[in-house]
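Enquirer: Respectively, the protein sequence lines represent chains X and L. Read in order, the letters of the first sequence are residues 1 to 219 in the numbering used here. Read in order, the letters of the second sequence are residues 1 to 633 in the numbering used here.
By construction, these hints were calculated from the structure, which means they are not laboratory data. Since we're looking at a predicted model, the values are computed, not measured. Check before you lean on any hint, since a few could be wrong.
What the hints assert, rightly or not - List time: in silico PhoX-like cross-link candidates among lysine-lysine, alpha-carbon distance up to 25 Å:
1. X:K25 with L:K570
2. L:K368 with L:K358
3. L:K470 with L:K513
4. L:K568 with L:K390
5. L:K6 with L:K58
6. L:K390 with L:K353
7. L:K570 with L:K462
8. L:K501 with L:K513
9. X:K25 with L:K59
10. L:K125 with L:K136
11. L:K462 with X:K76
12. L:K59 with L:K97
13. L:K353 with X:K96
14. X:K25 with L:K142
15. L:K353 with L:K142
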Amino acid sequence: MNSPHSIKWDSCVPTQNPTPLAFRKRCDYYEQKMLKYDEVCSFHSRTELYHAALLEGDPSVGYYVPQPFRFRIGKKIYVPDVFVVRNGRRYLLELKPRAEFTPDWLEALKQYCHFQNMTFEVISNESVHEREQGAINWLEIVRLLASCRDINTQTQEDELWKRFLIEQRIPLHALINPTDRMNDLEIELALFRLLHRGRIQAQLDTQALSYDIEFSACI
Amino acid sequence: MYISWKEQLSLRPELNQFKNWPYIDIQTINKRKRGQFLRNKQIVQAVLDGIPYDIISKKYTISQAQISHLIRRALSGTDEEGPALTKALIPYYRIEKSNRTSQLSTLQAPTGAACAFQSLLANVKGLKEGLDRVIKAKLEDKRYAQNLKPSWFYGQFRQLLRQANWPLDTYPYTEEREAYESVRVYLHRRTDELRIRRLEKSMRHYFTHSPANRLHPLSEVQLDEQTYDVQQSVTLVIDNCASTLRVARTSLLITTDVDTKCILSYSLELTGHPAQSDVERCLKSIHRPWQPRTLVTPGLAYPPIAGFPSSSIDGFSSMGIGEIQMDNALAHHANRTRAYVSRTLFATLNLGKPRSPKDRNWVELAIKTASDLGHQFASTTGSHVRDPKKESHKNRKRPPLLTLKILEDCLDVVISTYNGVVQAQLGGYSPLDLLKEKTSTRWFRCLPIHLTQSILSNINSKRVTVRWLKHEHRAPHVVFYSVRYQGNGLNNVTCINQEIKVTYPENDIRVLKAYTLSGEYIGELYAPKSWQSHPHSVKTRQYVMKFTKKERIGTADILSAYFGYLLKEKNNPSSAREIVRIFREFSSVSPPSVNLSDSRHELQPTPQSDREPAAFPDWTPELSRIPTDERNR
Chain X
1 MNSPHSIKWD SCVPTQNPTP LAFRKRCDYY EQKMLKYDEV CSFHSRTELY
51 HAALLEGDPS VGYYVPQPFR FRIGKKIYVP DVFVVRNGRR YLLELKPRAE
101 FTPDWLEALK QYCHFQNMTF EVISNESVHE REQGAINWLE IVRLLASCRD
151 INTQTQEDEL WKRFLIEQRI PLHALINPTD RMNDLEIELA LFRLLHRGRI
201 QAQLDTQALS YDIEFSACI
Chain L
1 MYISWKEQLS LRPELNQFKN WPYIDIQTIN KRKRGQFLRN KQIVQAVLDG
51 IPYDIISKKY TISQAQISHL IRRALSGTDE EGPALTKALI PYYRIEKSNR
101 TSQLSTLQAP TGAACAFQSL LANVKGLKEG LDRVIKAKLE DKRYAQNLKP
151 SWFYGQFRQL LRQANWPLDT YPYTEEREAY ESVRVYLHRR TDELRIRRLE
201 KSMRHYFTHS PANRLHPLSE VQLDEQTYDV QQSVTLVIDN CASTLRVART
251 SLLITTDVDT KCILSYSLEL TGHPAQSDVE RCLKSIHRPW QPRTLVTPGL
301 AYPPIAGFPS SSIDGFSSMG IGEIQMDNAL AHHANRTRAY VSRTLFATLN
351 LGKPRSPKDR NWVELAIKTA SDLGHQFAST TGSHVRDPKK ESHKNRKRPP
401 LLTLKILEDC LDVVISTYNG VVQAQLGGYS PLDLLKEKTS TRWFRCLPIH
451 LTQSILSNIN SKRVTVRWLK HEHRAPHVVF YSVRYQGNGL NNVTCINQEI
501 KVTYPENDIR VLKAYTLSGE YIGELYAPKS WQSHPHSVKT RQYVMKFTKK
551 ERIGTADILS AYFGYLLKEK NNPSSAREIV RIFREFSSVS PPSVNLSDSR
601 HELQPTPQSD REPAAFPDWT PELSRIPTDE RNR
């Protein structure tokens, strides 16, 4: 590899690196229990949080790991933002304003990741914030699904799926009673689980989650 | 690349119409130049309309060369900067930056100082960089920076010229006054430029978090704490002798819903530095139904509008929270707080950027509202050390008239009433009504029953490992907050070196209930007898452990020894505060369990015996007849 920077990593297994207390105090720190990475995830900016929410809503993403590796580039330590497995391919992503990244490091990391059968990409913060509404909606859905992990809704999912095959579009208020939410919690969970798995779809990027939002099957 | 006026017109055909040129309001032009400006406009319009030059020159009494010069000035230019257009028609308007073309002034050949400073900056190696370095050091607040005064800056300028071996018979030495003025103007202009560039750099990453996204109820909740600026008193009765003690300041924690400005919960903690357990208690009280206090203050009563969402909104105890925003206090970074937010509430925890109180402006406003009450009392400590509202030296010699119970009553009434008061900024709604309306019309996240029960119960749990030190000839034990607990259930070989789960009530950790990780009940575990005398919480255990280690105390009854120590120091306001906290804990009873099916509570006061410790009587006139012992006991 013809690169002026030597790159080493501590471990090739993507595992979330804990954020030291000093850095937690300096950055705009977030924590959230997610689904596709089954731990409490740490994020160092709102952009990273939104990006993770969008990954949760992307059915082609199998799993992701925030702050997955610790690279040593020359004398400096570099921790990328997220490791993603999408459609069986591995990506190492970095979120930066206007996708500006140190050119030397960019080239070196691209070569190194290619050698490790990964693709290194820099994503702009602006592109994530363009989908802010979708990210906020997915955060709410993730919170609901994470808090109800132990509730089995297989039967309700099967019934809902059959209903979606018959009816084209179903609004949320037709599935759950807004005045008696606890009674319909399992149906709501089943609906959002189908959405999370990509079996049904809804326009979440343009409107907030409400009782009027319509769901339809992905066929 | 230079573009001539004819090329410009072919590249941009719309400029053939003068109406497409930028408009300049004639009122903004100097009166003396307006006539000439209008004439220039008419000449250019005539040229663009195709009228021959000779006709234009006869009409306006101007040579054809001057017409060409005017058109060239208006339409030609470089492709980076573009043509000057209408601005060029203003007489004497400088289109191009001035450049010095003649040699700099010397003693033998003085040529003036026009544009000489700019020429120096461009030609002297290291001069511009050196001056900018000095300005940047100050803007970046470096330790070696110096305050920028024009005279000092001029000295730096001369030093840089000396380093560049600049001849002493050339400008700026020939025109010192003009050079000084140029340096002074350069200092101010360049400082502003670099300052704005730094501001732009820090603002570039700023994304507005649109309030339109806070459509769901409880989508954002802010929590903050502050030392409450008022000291109060308590009356301690020992052997029928009453001592009135001054109590140090307490800490007020408040949680607020950002969208509706509704105060969801608050707690007044008897400590100067809230710990993680205090923060967790305040967060738990968001969902726990609020019960009004039995008011002991004469004349104080709850108005009908007073209330909190937990008691006024049906099903509030099962409403999920979106994001909880806190500052960077250590108690917020603690594992217990983070675990409660992310693993019990499954909300997003946001510990914002340091020194950004405006990010949590709504909870700061709520704290201010509560603090205004404290500043009304004479025993207030004020907002700062020079605050005229601060308690006078004369009054500080005696305990204040304001008692802790009266303060708690007043705070409860004020904060609960705030939620019911109509506010103009909420469109004529009160915070509570607005939250009710949003809850009934908007989608929100529901918590499952088991999580709601966990939040509402007073039982906590922890994982511990069973150890057995055979060489010490002891029974198997677990270590729970620095103390060994034993029980018959642990006398089982299969438990040794295995993790188990223990559950315990918040206010009494003398007895733990042990379960295996699969949920099978093992039995009860007991603290040693030295810890069995009084019910106490984890926080008290940790305080006492620290105290006994520091004071090297070993007695059969550690808790009583600690309380006795505090009684000896009771005249210290901090010790008095701790006495009250410890006493309330030692004499506390478990609060009644909450019936989930009936979470709406009427505004009924709770019975006196459930809440108030007997040793701190309410103020009555008879109290003054009890002999007061003010000497140290």
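Enquirer: Next step is simple, just say for each hint if it's right about the structure.
Expert: Quick rundown of the hints versus the structure:
Pair hint X:K25 plus L:K570 does not hold up; C-alpha atoms about 37 Å apart against a cutoff of 25 Å. A hinted pair counts as satisfied when its Cα atoms are at most 25 Å apart, and L:K368 with L:K358 qualifies at roughly 13 Å. Annotation: proposed proximity of L:K470 to L:K513 holds, straight-line Cα distance about 24 Å (limit 25 Å). For the hint pairing L:K568 with L:K390, the CA-to-CA distance comes to about 29 Å; that exceeds 25 Å, so the pair is violated.
About 23 Å separates the Cα atoms of L:K6 and L:K58, which keeps this hinted pair within 25 Å; it holds. Restraint check for L:K390 and L:K353: not satisfied, since their Cα atoms lie roughly 32 Å apart, outside the 25 Å limit. As the CA atoms of L:K570 and L:K462 are separated by approximately 35 Å, the hinted pair breaks the 25 Å bound. A hinted pair counts as satisfied when its Cα atoms are at most 25 Å apart, and L:K501 with L:K513 qualifies at roughly 8 Å.
Between X:K25 and L:K59 the alpha-carbon distance is near 75 Å, which puts this suggested pair outside the 25 Å criterion. Proposed proximity of L:K125 and L:K136 is supported: the alpha carbons are some 19 Å apart, at most 25 Å. This hinted pair does not check out: L:K462 and X:K76 have alpha carbons roughly 39 Å apart, beyond 25 Å. Restraint check for L:K59 and L:K97: the C-alpha separation of about 33 Å exceeds 25 Å, so the hint is violated.
For the given pair, L:K353 sits about 18 Å from X:K96 by alpha-carbon distance, which is consistent with the 25 Å threshold. Annotation: proposed proximity of X:K25 to L:K142 holds, straight-line Cα distance about 22 Å (limit 25 Å). For the hint pairing L:K353 with L:K142, the CA-to-CA distance comes to about 22 Å; that is within 25 Å, so the pair holds.
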